[in-house]
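Line order of the protein sequences matches chains A and B. According to the working numbering, the first sequence is numbered sequentially starting from 400. According to the working numbering, the second sequence is numbered sequentially starting from 4.
The set of hints was computed from the structure by calculation and includes no laboratory data. Among the hints, erroneous ones may be present.
[As the list claims (entries may be wrong)] DSS-like cross-link-like pairs, simulated, lysine-lysine; straight-line CA separation at most 30 Å: (1) A:K421 / A:K448; (2) B:K71 / A:K500; (3) B:K27 / A:K448; (4) B:K27 / A:K500; (5) A:K500 / B:K81; (6) A:K421 / A:K508; (7) A:K457 / A:K468; (8) B:K81 / B:K71; (9) A:K508 / A:K457; (10) A:K508 / B:K27; (11) A:K476 / A:K457.
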Amino acid sequence: AQSVAQPEDQVNVAEGNPLTVKCTYSVSGNPYLFWYVQYPNRGLQFLLKYITGDNLVKGSYGFEAEFNKSQTSFHLKKPSALVSDSALYFCAVTNSGGYQKVTFGIGTKLQVIP
Amino acid sequence: DAGVIQSPRHEVTEMGQEVTLRCKPISGHNSLFWYRQTMMRGLELLIYFNNNVPIDDSGMPEDRFSAKMPNASFSTLKIQPSEPRDSAVYFCASRRDSTPFYEQYFGPGTRLTVT
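Generate the whole structure from the sequences, applying the supplied hints.
Right, here's the structure in full:
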């Protein structure tokens, strides 16, 4: 069975500092990995995805994520955090083998402190 | 594009009543998902439709829950009878097609409160 772990319930970072939100996964075959963001009282919004190719993926709002196959990780990063980045972030995984349910992590709350 | 549309945005009902949640996916998307989000359990997939056909309903909690997709532009999730433990935010999401590397687009959600 596939799974996603987001080990931190909450990440606090000062505005202007770099941020990292961690994600590790378990899946058979080649993974497809996603990051979504959820602002209060809103649905999830797609940020970026890894399908194949370059391990560093760039997405919306200046976010990027690095795929590390040996560590089965897909950490979300941003060089300089903004207060407006404060939200709930979800990592998700599926694979390329036919219908595969997309499994979401439990979410990590990012708090950017002014 | 209007995005995924859900109605109502908020629903408050009494235990035992029937509740119907509605979803209009993005035009041209042929995959549709219903999720439930709670603090305790996070985001749970309830059911997945592809080309209006239910493919995976293993997440539907029990017989009180049912979902339909009569055409490509409309889906409903019904709870009958509703119970307080059904209180949650219910999201509908659509995807371009069944290929898993496409991202999902989520609606704004319906916040259901069952008293």
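Going down the list of hints, with the structure as the test:
1. With a C-alpha separation of about 15 Å, the suggested pairing of K421 of chain A with K448 of chain A holds against the 30 Å cut-off.
2. Pair hint K71 of chain B plus K500 of chain A holds up; C-alpha atoms about 19 Å apart against a cutoff of 30 Å.
3. For the suggested pair K27 of chain B and K448 of chain A, the alpha carbons sit about 25 Å apart, so the restraint of at most 30 Å is met.
4. A threshold of 30 Å between alpha carbons decides the hint, and for K27 of chain B with K500 of chain A the separation of about 21 Å falls inside it, so the pair holds.
5. A C-alpha spacing of about 22 Å is found between K500 of chain A and K81 of chain B, which places the hinted pair at or below 30 Å, so the restraint holds.
6. For the proposed pair K421 of chain A and K508 of chain A, the alpha carbon gap of about 11 Å is at most 30 Å, so the pair holds.
7. Among the hinted pairs, K457 of chain A with K468 of chain A is consistent with the structure: their alpha-carbon atoms are about 17 Å apart, no more than 30 Å.
8. Our distance criterion of 30 Å between C-alpha atoms is met by K81 of chain B and K71 of chain B, whose separation comes to about 9 Å.
9. Pair hint K508 of chain A plus K457 of chain A holds up; C-alpha atoms about 21 Å apart against a cutoff of 30 Å.
10. Between K508 of chain A and K27 of chain B, the direct Cα distance comes to roughly 29 Å. Compliance with the 30 Å bound is thereby established for this hinted pair.
11. Note on K476 of chain A and K457 of chain A: the hinted pairing holds, with a Cα-Cα distance of about 10 Å set against a maximum of 30 Å.
Violated hints for the displayed structure: none, as all numbered hints are satisfied.
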